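This is what each chain is made of:
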Amino acid sequence: MPSTPRRLLLILLRDCALLLGGARGRGGATLPLLFFLAVAMLYPFGVGPDARLLARTGAGVIWIAALLAAILPLDRLIEPDVEAGLFDQWALRGLAEEAVVLVRIVAHWISFGLPLMLATPIAAALLGIAGDAVWRLELGLLIGTPGLAAIGVMIAALTAGLRAGAALGGLLLIPLAVPLLIFGAGSLQPGGESGLLLLGAASLVALALAPFAGGAAIRAGRD
Amino acid sequence: MMQPASLVADDLACRRGDRVLLHGVGFALAAGDALHLAGPNGIGKSSLLRILAGLARPWAGQVRAAGAIGLLDERLPLDAHRPLGAALRFWRALDGAADSAAAFGLEDLGDVPVRYLSTGQRKRAGLACLAASGAAIWLLDEPLNGLDPQWAGVAQAAIEAHRAAGGIAVIASHQPLALDRLAVLALAGHVPVAGAD
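Which chain is which? The protein sequence lines are A and B, in order. Under numbering that gives the first Met the number 0, the residue at position 77 of the first sequence is numbered 76, and the numbers go up by one with no gaps. Under numbering that gives the first Met the number 0, the residue at position 72 of the second sequence is numbered 71, and the numbers go up by one with no gaps.
Some hints here could point you the wrong way.
To be verified - DEER-style ranges, computed between Cβ atoms:
hint: 1; chain 1: A; residue 1: Ala95; chain 2: B; residue 2: Ser172; range: 26 to 36 Å
hint: 2; chain 1: B; residue 1: Ala160; chain 2: A; residue 2: Val177; range: 19 to 29 Å
hint: 3; chain 1: A; residue 1: Arg221; chain 2: B; residue 2: Ala182; range: 42 to 52 Å
hint: 4; chain 1: B; residue 1: Ala97; chain 2: A; residue 2: Leu138; range: 47 to 57 Å
hint: 5; chain 1: A; residue 1: Ala124; chain 2: B; residue 2: Gly84; range: 37 to 47 Å
hint: 6; chain 1: A; residue 1: Ala166; chain 2: B; residue 2: Ala85; range: 31 to 41 Å
Stated by the list, open to error - Listed next, the stretches of chain B that the computed footprint assigns to chain A, with coverage defined by at least 3 CB atoms under 8 Å from CB atoms of chain A:
hint: 7; stretch: 42-56
hint: 8; stretch: 76-83
hint: 9; stretch: 164-174
In case anyone wonders, no lab produced these hints; they're calculated from the structure. The model shown is predicted, which means the values in this text are computed figures rather than measured ones. Even for Gly, the Cβ is constructed at its ideal location relative to N, Cα and C.
Could you build the full structure based on these sequences and the hints that come with them?
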């Protein structure tokens, strides 16, 4: 029998294949990515082509777009595996729900956080953000999106099995993600460098809590 | 290879809402034993299997198990969109097991997405997963549902082989089972909880 880290690695590979896997998987990473770019593209149409206004407000728009894109895959993160009994089978094999949820957070970040960071230079160009600000934006996303992924997986576990769980999940994610939004967007304001530290703190808190809350939610859902 | 397996249930009770589905259920199974859970629909056979697996808490009583537990219920733990071969490979790699697909006639279905499988093929895939898991205690919920006589015979032969290797099988089924030395536990009707309503 393979060791526990090796089994968790196998689950991670399977989760990544499933979450990234386009139409053959569960919708894949493309839809949140297109949604993210669509918001960045629509915003200049809404507020007009004033380059200074766009550059000043663009970072906030990118963070809002990232937050909304994180809502899209929520109902596919945990629910189908609970339905199909995979979490029961993992529990019977002695794998803790917390470990499986942590693996799911990593897979979710790879399928949603990484593509978002790759698309950010395009979004930044559409919003007239240039130079150093793009790098600071990317650094903020690198620190903040793991926290966003953790909150998303935790809420997906809490709402798995509920009717209208997807809509409820979106509503629940927004207040929990507000600290990430404030510090992430704030870090790009003049003199907002310390925002990155607070963003890192908020992200770490979400990452530390989410596996335990998500694991407990999956166990509670069995009764 | 397998440790001596045992499964003991002490005075189990299971409650759903304001009804006690089962009460006073007790048995002791040792390596090589098989138990047939019989009883009408809704009596709590599936709930009992989940309690035995440790996935649900009994309302009263306790379960003691020695040996890994494998559960086969109406859900198939395979990704619906993946080809059957890849989906089975995932569990085989996780369990470090040998290929069991051929034993259940699945070797020609490797390229077929799991969601296109028929009821009987799904059941056979579930059995292949369970057989490869290396679990000593098999909990089977209606394992013969949807299987034609040929594959029902194969499934029962697999259960017998598992018992011969020192395993235990608990089977909830409405179908008659042709197993050697099969104990039958007939589950009786529910009682209302005193003071409920």
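Subject >> Hints the structure fails to honour >> reply: Checked against the structure, the hints that fail are numbers 2, 3, 9, while the rest are satisfied.
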